[in-house]
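Going down the list, the sequences are from chains E and X.
Number 108 in my numbering belongs to position 108 of the first sequence; there are no gaps in the numbering.
Number 171 in my numbering belongs to position 171 of the second sequence; there are no gaps in the numbering.
Source of the hints: derived by calculation from the structure; they are not laboratory data.
Each residue gets a CB set at the ideal place from its N, CA and C atoms; glycine is no exception.
Careful, some of the hints might be misleading.
What the hints assert, rightly or not - Not close to chain E: a few residues of chain X, all C-beta gaps over 10 Å, as computed:
#, residue
1, Pro-51
2, Gly-72
3, Thr-100
Stated by the list, open to error - Computed Cβ-Cβ distance ranges for the label pairs, DEER-style:
#, chain 1, residue 1, chain 2, residue 2, range
4, X, Glu-160, E, Ile-94, 25 to 35 Å
5, E, Thr-165, X, Thr-130, 28 to 38 Å
6, X, Gln-76, E, Cys-21, 20 to 30 Å
7, X, Thr-130, E, Pro-122, 31 to 41 Å
8, E, Pro-161, X, Pro-161, 52 to 62 Å
9, E, Cys-21, X, Arg-19, 28 to 38 Å
10, X, Glu-13, E, Thr-2, 49 to 59 Å
11, E, Glu-137, X, Trp-115, 21 to 31 Å
12, E, Asp-179, X, Pro-132, 47 to 57 Å
13, X, Gly-69, E, Gln-52, 22 to 32 Å
14, X, Glu-17, E, Ala-116, 43 to 53 Å
15, X, Pro-162, E, Ala-222, 19 to 29 Å
Number of protein chains: 2
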Amino acid sequence: MTDHALDFALKLEPLGEGRFCGRTTPEYWNMGGPFGGITAALLLRAVLDHPQRRGRPVAQTVNFCAAVGEGGFEIQVRLVRDGRSTQHWQVEMIQDGRGTVTTGSVVTGAERETWAHAPAAPPSAPAPQTVPVMPTEGRNAWLAQYEFRVMEGRERFDLEPPGETASAASRLWVRDRPDRPLDYAALAGLADTFIVRILLVRGYFTPVATVSLTTYFLADEAALVRQGTRPLLGVADARAFRHGFADQSAELWADDGTLLAVSHQVTWYKE
Amino acid sequence: MTDHALDFALKLEPLGEGRFCGRTTPEYWNMGGPFGGITAALLLRAVLDHPQRRGRPVAQTVNFCAAVGEGGFEIQVRLVRDGRSTQHWQVEMIQDGRGTVTTGSVVTGAERETWAHAPAAPPSAPAPQTVPVMPTEGRNAWLAQYEFRVMEGRERFDLEPPGETASAASRLWVRDRPDRPLDYAALAGLADTFIVRILLVRGYFTPVATVSLTTYFLADEAALVRQGTRPLLGVADARAFRHGFADQSAELWADDGTLLAVSHQVTWYKE
Chain E
1 MTDHALDFAL
11 KLEPLGEGRF
21 CGRTTPEYWN
31 MGGPFGGITA
41 ALLLRAVLDH
51 PQRRGRPVAQ
61 TVNFCAAVGE
71 GGFEIQVRLV
81 RDGRSTQHWQ
91 VEMIQDGRGT
101 VTTGSVVTGA
111 ERETWAHAPA
121 APPSAPAPQT
131 VPVMPTEGRN
141 AWLAQYEFRV
151 MEGRERFDLE
161 PPGETASAAS
171 RLWVRDRPDR
181 PLDYAALAGL
191 ADTFIVRILL
201 VRGYFTPVAT
211 VSLTTYFLAD
221 EAALVRQGTR
231 PLLGVADARA
241 FRHGFADQSA
251 ELWADDGTLL
261 AVSHQVTWYK
271 E
Chain X
1 MTDHALDFAL
11 KLEPLGEGRF
21 CGRTTPEYWN
31 MGGPFGGITA
41 ALLLRAVLDH
51 PQRRGRPVAQ
61 TVNFCAAVGE
71 GGFEIQVRLV
81 RDGRSTQHWQ
91 VEMIQDGRGT
101 VTTGSVVTGA
111 ERETWAHAPA
121 APPSAPAPQT
131 VPVMPTEGRN
141 AWLAQYEFRV
151 MEGRERFDLE
161 PPGETASAAS
171 RLWVRDRPDR
181 PLDYAALAGL
191 ADTFIVRILL
201 VRGYFTPVAT
211 VSLTTYFLAD
221 EAALVRQGTR
231 PLLGVADARA
241 FRHGFADQSA
251 ELWADDGTLL
261 AVSHQVTWYK
271 E
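Turn these sequences into a full structure, and let the hints guide you.
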């Protein structure tokens with residue numbers, strides 16, 4: 001535990017029997033609630049803190065059911081299945097007066113060596129220190145908790161409508177700010193730092209929300225330790241925006257070319 | 001309800017209060033249990049059959065916790081959140097003596113018209129009738145319930161090890177066999193017809209299992225009706241195989257170029 005804003009935001013107190021309590025923090029505030037990535041990291045942290053947990057995170061799905069309010073929350077963790085290769089967990093975040101605001105599932109798996117193969121190649125990128133850091137002043141608080149060095153993709157979406165339709169693709173270096181050694185909870189948060197694509201495409205603000213987020217963790221803990229505090233290379237893109245919903249997929253790469261995580265989400269938009 | 005094997009496999013009897021019962025069918029049998037796509041379709045069907053369900057499926061995650069045994073099962077559906085734009089559902093499949101074998105979540109959303117944009121273009125493909133149908137004789141039963149016309153990607157994986165490492169990518173036309181009008185439950189099944197990629201890559205059988213499957217439904221019901229019984233264009237690929245787990249992503253396109261669904265999964269492999 002450090003005094004990093006992330007560690008402070010991920011502070012959970014065990015209440016026993018798979019129950020934990022915590023509080024939202026202003027540093028990770030988004031528009032009408034906490035940044036989704038911090039909620040994902042909290043649900044993962046609760047599973048990782050469970051005394052029966054074995055192995056590392058393999059998959060996480062988070063369903064954002066309702067706005068999380070400012071203040072306290074409880075996270076309830078249930079081990080549904082304790083198998084030889086995997087453990088299956090169900091997680092819920094509950095708030096007084098709001099009921100269940102988030103549901104999720106986590107799969108953990110044993111660390112072991114197997115045949116390995118990496119058909120996907122990392123995207124090309126100049127060294128992070130050669131790319132300017134995106135300014136985050138005057139924007140939603142959570143953005144300032146990350147250092148974004150954007151190589152491709154619109155950085156701002158405060159144009160007057162109608163903006164020019166732009167690409168949904170981003171390529172950037174990203175890490176926690178101030179820098180912090182990478183771990184799975186941080187990675188779960190980083191996986192959601194790719195702005196909801198419609199804002200990039202249209203260039204102006206319109207009500208949006210992540211509906212469901214799924215992250216696959218494809219690296220062992222040693223790869224995270226190797227990466228340490230250095231920026232991750234991220235890419236994201238969307239396939240289709242239609243009938244008020246859109247998908248997007250992102251990849252997070254270590255700077256040695258190891259794919260650390262892939263993350264997919266479906267987002268809601270109003271107009 | 002027709003006498004199609006899919007409709008027979010998806011037959012659920014309501015037990016009241018979000019509980020349904022059904023039975024596995026031999027037609028969709030895989031190696032050590034039912035084909036994962038039929039389980040996904042069943043969980044979706046249970047949500048769609050729930051009297052409180054509004055709107056169409058938007059997202060589904062299925063966690064394959066344990067092998068589903070031959071015979072009866074119960075599906076329990078819980079409406080966690082009934083919002084204006086989305087409904088959030090939790091689903092579990094339970095078997096006597098086995099407990100919870102599958103968990104899942106489903107998000108449904110209202111059908112409505114909005115701004116639309118399709119940055120992803122459909123893959124190129126020759127007309128389906130010009131591509132030979134993949135033989136499925138002597139293989140796991142479920143394969144015979146689909147008509148695969150493979151344009152790219154290894155079709156068999158019964159080589160003696162060591163096979164030559166091949167691409168993880170597939171491009172194919174696929175539909176239910178015999179052909180059947182497309183609906184969301186069928187689409188949920190089709191989304192899992194992309195063979196676990198490690199078998200294609202290595203070319204020989206090795207123990208594998210889908211751990212978690214997430215499908216986003218990006219089309220309204222009208223698009224499914226338009227597609228009717230004609231083959232869908234599918235592509236799939238994997239990014240990384242490491243430490244006993246691998247990811248894969250697939251897209252299912254209507255033949256008019258509409259992206260109907262994207263599907264992601266993380267798979268376990270033994271060696």
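Comparing the hints with the structure gives:
| no. | hint | result |
| --- | --- | --- |
| 1 | Pro-51 | holds (20 Å) |
| 2 | Gly-72 | holds (19 Å) |
| 3 | Thr-100 | violated (5 Å) |
| 4 | X/Glu-160 / E/Ile-94: 25 to 35 Å | violated (54 Å) |
| 5 | E/Thr-165 / X/Thr-130: 28 to 38 Å | holds (36 Å) |
| 6 | X/Gln-76 / E/Cys-21: 20 to 30 Å | holds (28 Å) |
| 7 | X/Thr-130 / E/Pro-122: 31 to 41 Å | holds (37 Å) |
| 8 | E/Pro-161 / X/Pro-161: 52 to 62 Å | holds (58 Å) |
| 9 | E/Cys-21 / X/Arg-19: 28 to 38 Å | holds (32 Å) |
| 10 | X/Glu-13 / E/Thr-2: 49 to 59 Å | holds (55 Å) |
| 11 | E/Glu-137 / X/Trp-115: 21 to 31 Å | holds (30 Å) |
| 12 | E/Asp-179 / X/Pro-132: 47 to 57 Å | holds (55 Å) |
| 13 | X/Gly-69 / E/Gln-52: 22 to 32 Å | holds (25 Å) |
| 14 | X/Glu-17 / E/Ala-116: 43 to 53 Å | holds (47 Å) |
| 15 | X/Pro-162 / E/Ala-222: 19 to 29 Å | holds (27 Å) |
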